[in-house]
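Let the hints inform the model, and build the full structure from the sequences given.
From first to last, the protein sequence lines are chains A and B. With the first letter of the first sequence counted as 1, position 562 gets the number 562 in my numbering; the numbers rise by one all the way through. In my numbering, each residue's number is its place in the second sequence (first place is 1) plus 677.
FYI, nobody ran anything at the bench for these hints, they're computed from the structure. Idealized CB from N, CA, C, for every residue including glycine. Fair warning: there could be bad hints in the mix.
To be verified - Lysine to any residue pairs mimicking SDA-like chemistry, simulated, CA-CA at most 20 Å apart:
| no. | chain 1 | residue 1 | chain 2 | residue 2 |
| --- | --- | --- | --- | --- |
| 1 | B | Lys695 | B | His751 |
| 2 | B | Lys695 | A | Leu518 |
| 3 | B | Lys695 | A | Asp662 |
| 4 | B | Lys695 | B | Leu706 |
| 5 | B | Lys695 | A | Arg90 |
| 6 | A | Lys441 | A | Val87 |
| 7 | A | Lys674 | A | Asp662 |
| 8 | B | Lys695 | A | Leu573 |
| 9 | A | Lys441 | A | Leu518 |
| 10 | B | Lys695 | B | Ile733 |
| 11 | B | Lys695 | A | Phe537 |
| 12 | B | Lys695 | B | Ala737 |
| 13 | B | Lys695 | A | Arg538 |
Said to hold, decoys possible - Taking CB as the label site, the calculated pair distances span:
| no. | chain 1 | residue 1 | chain 2 | residue 2 | range |
| --- | --- | --- | --- | --- | --- |
| 14 | A | Ser24 | B | Pro754 | 53 to 63 Å |
| 15 | A | Asp437 | B | Glu692 | 25 to 35 Å |
| 16 | A | Val20 | B | Arg755 | 47 to 57 Å |
| 17 | B | Ile723 | A | Leu180 | 45 to 55 Å |
Spelled out, the chains give:
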Amino acid sequence: MLSADFVIATAIAYVGLLFVLAFSATDGRANGRSRSCILRPSIRSPSRSIAPAGPFMAQSAMRRAVGSEFLTIYLGPTIVFVGWYFVLRRSVRISHLQRITSVADLLSSRFGKSSRLAVLVTCIAVIGIAPYIALQLKAVTSSIRAVVGASEFGQGSLAGIDDVGSALGVAAAMALFTILFGTRHVDAKEQHHGVVAAIAFEAVVKLAALVAVGVFVVFIGGGFEAIFRNAEERGFTLDVENTFDDRWLTTLGLSIAAIICLPRQFQVTVVENSDENHLRVAGWAFPAYMMLMSIFILPIALYGLTTMPADANPDMFALTLPMAAGQSGLALFAFIGGFSSATSMIILESIALSIMVSNHIVMPIVLRFTPSGRDGQGVSHLLLVARRFSIVLILSLGFFYFFFTRDSDALAPIGLISFTAIAQFFPAVLAALFWRDASLKAATAAIAAGFVIWVWSSFLPSFESVSPQVAGLLLEGPWGISWLRPEALFGLDGFDPLTHAAFWSLSINIVILIVGSLLTSQSTLERIRANVFVDVFRRGNIAPSNFMRSAATANDLYFVAERVLGERRAAALFETAARESGVEPAMLDPSPEFIGRLERELAGSIGAASAHVMLSKVVSGVEVSLEEVMQMADETQQVIEYSQQLEKTSAELRSTAQQLEDANAQLRVLDSQKDDF
Amino acid sequence: MSLGPCGACWVIMAERRKLEAAMLVLTVLGTLLIVPPLVYIFSQPISHFGVPQVVIYLFARWALIIAGTALLTHWMPRDSVDPGERD
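Given below as structure tokens:
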């Protein structure tokens with residue numbers, strides 16, 4: 001039997017192990033680059049995992065009829081990775097070339113480096129992820145409870161602490177770990193090799209623990225066949241009639257959107273991806289990993305339902321089944337597996353979000369209010385501080401959501417609430433990658449509208465159990481307007497709440513994006529960026545500079561670069577450029593290509609929008625020349641059109657003349673016939 | 678359609694386009710197989726070897742699609758490494 005203190009000590013020791021791993025991976029990379037490159041494809045693929053807290057804790061509660069809905073959480077990502085060639089390859093290539101640091105950065109970079117869009121996306125991501133963080137906190141606390149609750153050694157140091165207290169403890173510890181793990185320095189490409197190594201290790205531990213429990217359960221249950229047969233005799237059958245309904249489709253769609261747009265997922269798949277060719281391995285290895293994860297879920301659930309008391313929590317079967325069989329070692333392993341999965345998700349999610357907050361909200365404000373060029377190394381230090389604060393903020397939001405919704409029972413629906421919020425980025429991301437005519441105004445309006453509907457129909461109803469006002473709102477609608485009821489919008493009544501929220505938010509989002517893009521026009525910069533994104537595989541690898549000619553001297557630029565990149569990297573960058581053009585670094589004449597490269601380097605640290613703002617301050621008068629060029633292009637276009645029209649008109653004239661001539665000839669024939677007559 | 682700088686390149690390009698199309702088909706088909714109406718064909722209350730038929734179907738499709746992706750990816754020529762990698 002396990003005592004509370006022992007379990008907690010094991011968890012802390014495990015995190016310590018991860019810590020050592022993360023540090024040694026960072027150092028190993030610095031010393032022996034080649035070794036880590038060989039290891040990389042094999043360790044990276046399992047690190048992309050998505051299921052809410054893994055199958056240990058967060059299956060949708062399986063009650064009398066067992067649905068196979070939990071599978072969609074894995075089946076959706078499989079589709080995305082099987083089709084890696086189309087969406088993932090494109091976004092990885094674009095992100096490498098443009099030094100993209102997050103989803104917000106991707107969207108803002110495509111839609112004319114708009115900082116407003118980046119701020120919007122960041123705010124939505126921070127609010128939308130809160131339920132997800134809450135889910136992980138809930139999973140960890142209830143698994144501690146499940147392991148310790150049955151203990152005969154008593155609660156140890158956990159005595160007298162309720163769920164809220166332990167969740168607060170877990171949140172605080174997570175904040176501390178994430179700050180220690182993820183904000184040690186600002187990396188040029190926002191890649192955290194140590195963190196990735198630790199996450200990959202956690203993924204392996206998770207899989208090993210689940211397979212161990214699964215094999216154990218199948219063994220004591222007498223094989224797959226016996227487990228399914230016993231469950232059927234007790235009345236627990238797989239609900240084949242009602243599984244493949246609208247909810248199946250919704251969760252499938254949401255998991256597809258989430259695997260691309262979740263900040264953590266984007267971070268691991270796209271930003272941390274140091275080589276595009278890793279996708280070739282991930283394309284089959286990641287689906288295979290997920291398939292292995294799900295093989296034992298059903299037997300564990302069914303065996304638990306048949307043998308455990310009726311009030312046992314189905315989400316905790318992977319823990320409680322080994323304990324009931326007296327295998328506390330296995331139970332501890334399963335606990336570590338689940339703990340592993342929850343911590344890795346919290347750490348990665350908050351690192352990714354903190355990068356977004358610091359790059360897209362804090363940085364622009366700082367740029368606006370500090371006089372440029374005084375604080376030397378200040379920016380990169382400031383970024384770290386901003387990241388630490390935002391990690392604390394993100395975990396606090398997650399904790400508050402947990403606190404207010406602690407009475408609702410099932411785990412998985414909370415995760416899907418987050419998925420619906422994040423899915424609001426999906427139409428805009430697809431448009432950014434494939435559709436040339438999508439405009440900034442339309443994308444901003446679409447995402448904002450989708451978010452508002454999400455808040456109303458998905459986020460708000462989750463507070464039903466704590467607030468009588470919200471419960472009344474759900475029944476009556478605001479001011480008694482029944483077609484505005486959050487779970488029956490516009491008279492669409494009687495649907496599953498998740499399907500309802502996802503349907504309305506996403507369809508309104510998509511309609512606004514498409515119709516809006518057709519009605520509004522793009523700015524010059526947007527048009528250029530659209531071409532850079534859509535033609536990424538066509539134009540080779542030359543990203544055109546946005547700055548046509550510059551009034552800036554190398555000195556001004558160096559000042560900006562030093563402020564963000566630090567002295568060493570800035571100097572290296574300028575020396576390389578000077579060597580390439582064969583002059584002294586001080587005499588370097590900044591060419592458009594060089595300014596373009598500098599902007600991408602800066603974007604890797606502070607995001608595309610901020611980098612653009614920062615350089616625009618120095619390189620003045622740029623947009624004007626850009627406009628001029630575009631106008632010239634437009635004029636040429638007009639001349640071409642005009643001459644085409646002329647040609648068409650003259651052709652028409654010719655054919656009219658021909659017709660006249662024919663008519664004339666006919667007349668003459670008639671005339672001669674008349675004469676003959 | 679114009680011939681590239683060399684004939685062999687053109688063959689590679691054509692091969693690549695076919696593989697791209699095959700991957701698209703695999704992705705779309707893989708999706709269609711797990712949504713209504715196709716999934717209804719296998720979602721009957723029958724069991725084989727004690728396991729419900731639809732579970733066997735979902736996992737078999739999963740395994741096949743993984744094998745298909747591995748195979749197509751193996752044949753797909755590698756992208757040239759982009760210069761963004763070198764720095």
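Now for the hints, and whether the structure bears them out:
| no. | hint | result |
| --- | --- | --- |
| 1 | B:Lys695 x B:His751 | holds, 14 Å |
| 2 | B:Lys695 x A:Leu518 | violated, 33 Å |
| 3 | B:Lys695 x A:Asp662 | violated, 53 Å |
| 4 | B:Lys695 x B:Leu706 | holds, 16 Å |
| 5 | B:Lys695 x A:Arg90 | holds, 18 Å |
| 6 | A:Lys441 x A:Val87 | violated, 24 Å |
| 7 | A:Lys674 x A:Asp662 | holds, 18 Å |
| 8 | B:Lys695 x A:Leu573 | violated, 42 Å |
| 9 | A:Lys441 x A:Leu518 | holds, 11 Å |
| 10 | B:Lys695 x B:Ile733 | violated, 31 Å |
| 11 | B:Lys695 x A:Phe537 | holds, 17 Å |
| 12 | B:Lys695 x B:Ala737 | violated, 26 Å |
| 13 | B:Lys695 x A:Arg538 | holds, 18 Å |
| 14 | A:Ser24 x B:Pro754: 53 to 63 Å | violated, 36 Å |
| 15 | A:Asp437 x B:Glu692: 25 to 35 Å | holds, 32 Å |
| 16 | A:Val20 x B:Arg755: 47 to 57 Å | violated, 35 Å |
| 17 | B:Ile723 x A:Leu180: 45 to 55 Å | holds, 54 Å |
Hints 2, 3, 6, 8, 10, 12, 14 and 16 from the earlier list are contradicted by this structure; the remaining hints agree with it.
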